Amino acid sequence: MRKSLLFLSAFLLLMFQTLAQERTVTGTVTDESGEGIPGVNVIIEGTSTGVVTDISGNYSISVSSSDAVLVFSSVGYATQRVVVGAQNTIDIVMEEDVQQLTEVVVTAFGIEKEKKALAYSVQDVSGEKLENAGTPNTVNAMQGKVAGVQVNQSSGMPGSSSFIRIRGSNSFTGNNQPLFVVDGVPIASNASSSGAVSGTDYSSRALDLNPSDIESISVLKGPTAAALYGSRASNGVVVITTKSGKNLKAGQFKVNLRQSFQVDEVSLTPDLQSTYGQGSGGIYSPTASTSWGPRISNFADPSVNAFADGNGQYVNNVGELVTPRVYDNVSPMFDNGTTSITNLEILGASEKFNYAVSGAYTTQDGIIPTTGMDKINFKLAGDYKLNDKFSSGARINVVVTDIDKLAGGSNLSNVLFTTYWAPRSYDLWGTPFATEADPYQQIHYRGAMDNPRWSLANNSFNEKITRTFGNVYFKYKPLDWITVNYKFGADVFSEQRKEVYALGSGFTGGRTVPPSGGQITELTYNYQQINSNLNMVISKALSDDFYLDFLLGNELIDIRTKSLGVTGNGIVIGGFDQISNTSAQTTTVGTSQQRTVGFFANASLSWRDMLFLNASGRMDYVSNMPEANRSFFYPSIGLGFVFTEPWDGRPEWFNFGKIRGSYAEVGQPGPIQATQVPFLSAGTGTGFTNDGIAFPTFNNLIAYQQSNALRDPNLEPQNVTTWEVGVQLELFNRRLGIDATYFNENSTDQIFTVPLAPSSGYTSILRNAGELENQGWEVVLNLVPLQTQDWEWNITANYTRLRSEVISLAPGVENIFLGGFVTPNVRAYAGSPYPVVFGSRFLRDDEGRVVVDNREFVNGVPNSSYGMPVQNPDDGVIGQVNPDYEVGLSSSLSYKNLTLSVHFDIRVGGQAYAGNTRLQKLYGMDEVTEDRESPYVVEGVKGYYSFDSDGNVVVESEGENDIVIERNQQYWQIAMDAIDESNVYDTDFVRFRELNLTYNFPQSILGGGLIKNLGVFFQARNLALWTKYPNFDPETSVGGASNFQGLEYVNLPQTRSIGGGINVTF
Amino acid sequence: MKTKIIYILLIGLIFSACSDETLNEINRDKDNPLEVPLRTILPYVETHTAYAVVGGDGSLYMSTMIQHMTGVHAQLHQFDRFVYSATTFNNDWTAIYPGSLKNLRIMIEQAANEEAYSYQGIGLVLYAYNAMMATDSWGPVPFSQAASGEFFNPEYDTQEEIYTGDNGLLDLLDSAIVALNTDTPIVPGDDDLIYGGDLGLWIKAANGLKAKMITRLGNTPYYDADAVIAAASNSFDSNDEAFIFDAFSAGAETENPRFQEANDRVHFAVSESFFNLLSGFNDPRGDLFFDDGYNSIPAPNGTADLDQGGAIYSKVYDYIEPDSPIQFMTYDELKLAEAEAHLRNNNAPEAYAAYLEALEAALRRAGVTDQDVIDAYLSEPSVAPGEGNLSLEDIYLQKYIGFYPFQSIEAWAEWRRTGVPNLFNPNGDLLRRWPYPQSEIDNNGENVPSGRPINGVYWDDLSEN
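So the sequence lines, in the order shown, correspond to chains A and B.
If you read the first sequence in the UniProt record's numbering, its first letter stands for residue 1, the second for the next number, and so on.
If you read the second sequence in the UniProt record's numbering, its first letter stands for residue 1, the second for the next number, and so on.
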């Protein structure tokens, strides 16, 4: 291994030896009528060096070799290649492109390539489309815009995390989100912690990007596209190019101001019953958590309610006489939220220098009071060209984010829990939430949980992020066909979290008399990533027919994180939110370091502009693997053929056609410190307590326990093998475009924490095992049904069909737990699609019919579940999370300066566990519990089960069910609630995701004055949702940005937004 | 030349950036040690055994199963109606194996290497106790291949083998006594939260556990009344010496687990059958155990309504304090085991004396301090029938009451062995062992016995599946 490296370096050295002169080539690019064409890209082939023609079509570019080839490209014109030779002036007449689509895309390390030369699938999203999405989160703005890309937004709260996946998951339990590369340098994009069923959601770092500063996003979907990025690219790469002054002509200066404002409201609230009040067993109880009490209309009847006074009133939980009525406790929780985004950018260029300065201010108030986000983005970009040989530049971004959020999931302070399911007879908003004598002594209709109003007033959850990222680069062209690039990037941020559960909070068991508990957590998480990339590009025409691009380079990535947290339990003085005001403190420290050093090479050979061959290789050395298995090699190879090029008898309407195929392997190393089994600071707990015991708080003793996670000392890298084939067609004068890709990704030797039988002494071992296969289709359809002088109508459809299957897990391991409750939970199951929902099931007979309990008496006592569905004593798979297919449908219609664009997302198939709906039934609050008294026969067969001698379940049934029951408290709260499967629902939906109406004032009105461009727009997001999923949004997940998707449980809701804004260019 | 040097330096830099030494250092765990001293393991295993094994999830479930209490909220309400699954006792299994047994094994082996026999002996006593909790609850469980990290799919040993085989539980206790009697300069101090390093008391605890285990084998040929009496004579002389974890205190993250449950969840109400049992004896402990004393409104096991807030039924929480101790083995249990042994030896006078001694100790331990009240109870004919009338059922009933409120798993074990008291739940038969946990079925399926939890364990009905 070392030998080949030495060879590589020696080769590098040799390459530096030969130097040559550089000179300038100028010219004019005109169309067939002789008019200069502005904005034509003039690129030295195989490099990222290029210029753009000015308003008259003039350009000037320095080349360092007579072998250099200039590529002239512009949308709508056929691309031309010219070998520079001895010429100093090259004038070009561009032909209207009737033969091929030339789209320049950004590929690995920021190198621009013609799309037609690629052997794999790449898809772009323009900055404009991201802006039009009307969300401050770039990842959310990508939703539905790229085939094969799946985005899940955990909630509509400001700063909520989003989960992005390209072509499914490659890893059972590891990271499945793509690498984000901004201006050629990788940055952190994930949330620093995620995937818990209770607690607060932490924002994803992709949130820090400013959508208005993005020029374009290129999504490199498969490892083939991304192989050059090495191990981190196995989940695909999101290549982001930010705005710069590069595209401006010398002397040009531009100021752009955009202001948008929108109003956000809660998208869905649950459907509740409004007949029955607080209580259980038909009896009113002022402290019951459930609504299984009497009819509210009977609350004042002393024969029904012992608390009734006989005069039309009854005594409530604070001892007041009140008149029974139905309250709407949900609506008052939600306000209209607002989102305001101000973006100012200044761009300028001179002969040698161009720059871009931008600043954005985003301020959001959430739909629940106290929530919100403030985000400030600053960016400075500059490129300086010293001479024809040497240029350099820098990009610096500064982001400051401040998010106020709420606890979600099964957290006892979740404000929605007892808002959604406060009994309809209870006046949540009219009854005080704390006693007059002590503001920390809560009043609530039930115990243990925080009163939502008290929680909003006293608990707080804040996250502050300060971040700087950017790069400097140097570019040196010793010869016109050699470019040496060096880029140094850094990404440094600090997250500061402060979470306060006030004195008396139910989360800390504090609802005692007098109030107790309380918890304050302060956590600082520091992240530092350094990236160094040195590469050399050789671009040379080998002959008239053959052209070669060759890239050779080295990359170093070093990531260090440190978290320091202090949790103080037991607040002494209520309302004073300082760690020093707590009776016991626990400190946690987390340190991590990892480094990857990679060497890579890529060769692209093209023949007569119709046959394109690409091969690459990369060798990585990573710190987080055992010494013996530390280095690994990833190859990729691809071939593209433009079959319309040599096709003589091609019909007129067949403008362009290409077939492509590629193959790649990418390795993925294990997590950090993958080979050691440490002792951890000891503590203990049970499933029924929150605090547990923590050392050294406990008796001031230091204590340790060995980690339950073993680690295989012979761990090897995980391997992803992928191939894809595709076809790209442009038809009918390019009014119809089809790009279809079939892909197959197979991840073997999965590195994951294989669960162990706990009797072994350990609950898991980190090792190689198992295989996951993703295959699917991505089809992008572009249609221009209408195109005239004034009218243009575009339709784009992105179709994704993904099948993820767990081929195998470790020997003897049938399934692994990804997240959730004891039951239900989300798992990977061998031989099943990934992932699945696992939990308790209906007992079914051989024909799949539900078995209904036919035992009228049990032990001589009437069976209260008689006639109700029976739970299968064995748990199993109860739902498939992934959809069958997804379609993102965009359309825009323009008339002169007016453009209307809409975007719809369609999801077919897939299921989720509806935790909210389950609770809603349990508490007797769901609309379905409105009918408690009419006779009902459960569809199924009568029967029960026994066990055979091997302990297998044997169903004993006796024909169709005819037992008449009422769907009462016993039915919903006991019989059905025990069966998790009864709360699994399809997540199919059609969503009207975006609407944007923009009017750009014509130049005739602006009159060429100070204002060069003025646009006004109206935009809306999540306008409508059609789904059979009950009560809540099927897109939410309590897992936030983690692999644990498909389980909803008192998630914070999504929003619907309407607004507009103005866009001015000076 | 100059540029050449620069290039060579540059390449040198690139290589040093990925040398094995550099990358190994980067990958080193900076936050956690890979080896720790014995005195930092002992406090964990003791506390964990009390909190998560004796006071764990299973103890809550058994409180309602054995009708010490009635579950009236959430999982406990469902469990009271016999809704449970293979995942119900996952936490208990994990608490015992990777929690207690693995760390105890590390401690015992490390102690042997360091000739710290005190730690070795203490480790063996705790190991035997934890392993007993496992086999008593599940029957056949991994034992000889358990918790070592060497066997990823440990075999299940029969309960008979676990209790009585070579290196079985009784052998472990004998080895512990040997180790505790061996001279060593390394003796625990404050890190021993049970006995503060008093090895004499640890020997008494080992003997107490022997008496407990032989008594538990009461339905098997291994029962030996004389051995129980002998072990008891080498064990506790008072409740002050009993095997009790008493290091909980008021404050966040330091409280008794059942107190934390009361604070956080409030699952329980007074059990109707337990209320009736105590009131039938005029037991003074009823006034302490039930929040409303004998004016309580008890909840019927198996049919109670949901009532977290205590609107319908009386609660059981005033008795449970943040610093309440968790008992592993009390003096009164020892005396009742002794009484049973004497009675089975037809030595009624000794049996009755031990029985009365146990009752008084149990009352005092529960907080009944007034001698008049104690005397009144001991003169209650249904409680103290006289030397000639003492039955095994009397002994078993008092044991059942004495295990309230925290030793519900032990109460369940003794109920299975003795059938006392007669417990009825309209939802079906009480569990005779816990279902094997899902985590074990998923990952060690070929070794997990297939029997359903309706069958008994070996010392219950001599079955092993």
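Because the hints were derived from the structure by calculation, they are not lab data.
Heads up, some of the hints might be wrong.
[What the hints assert, rightly or not] Just the calculated beta-carbon pair ranges, DEER-fashion: (1) B/ILE8 / A/ASN526: 33 to 43 Å; (2) B/TYR294 / A/ASP301: 47 to 57 Å; (3) A/GLY312 / B/SER249: 48 to 58 Å; (4) B/SER463 / A/ASP931: 42 to 52 Å; (5) A/LYS1028 / B/GLU35: 53 to 63 Å; (6) A/SER340 / B/ILE8: 49 to 59 Å; (7) B/ILE186 / A/ASN526: 34 to 44 Å; (8) A/VAL928 / B/PRO385: 38 to 48 Å; (9) B/GLU21 / A/THR587: 46 to 56 Å; (10) B/SER249 / A/GLU927: 43 to 53 Å.
The model shown is predicted, which means the values in this text are computed figures rather than measured ones.
Every residue, glycine too, gets a C-beta built ideally from N, C-alpha and C.
The hints, checked one at a time:
1. The hinted range of 33 to 43 Å is satisfied by B/ILE8 and A/ASN526, whose Cβ atoms lie roughly 35 Å apart.
2. Separated by about 33 Å at the C-beta atoms, B/TYR294 and A/ASP301 break the suggested range of 47 to 57 Å.
3. For A/GLY312 paired with B/SER249, a C-beta distance near 52 Å keeps the hint of 48 to 58 Å intact.
4. At roughly 48 Å, the beta-carbon separation of B/SER463 and A/ASP931 lies within the given 42 to 52 Å, and the hint holds.
5. Checked against the hint of 53 to 63 Å, the C-beta distance between A/LYS1028 and B/GLU35 comes to roughly 57 Å, which is consistent with it.
6. As the Cβ distance of A/SER340 to B/ILE8 is approximately 56 Å, the hint placing it in 49 to 59 Å holds.
7. In this structure the supplied range 34 to 44 Å holds for B/ILE186 paired with A/ASN526, their Cβ-Cβ distance being about 41 Å.
8. About 57 Å separates the C-beta atoms of A/VAL928 and B/PRO385, a value inconsistent with the hinted range of 38 to 48 Å.
9. In this structure the hint that B/GLU21 and A/THR587 lie 46 to 56 Å apart at CB is violated, the actual value being about 31 Å.
10. The hinted range of 43 to 53 Å is satisfied by B/SER249 and A/GLU927, whose Cβ atoms lie roughly 49 Å apart.
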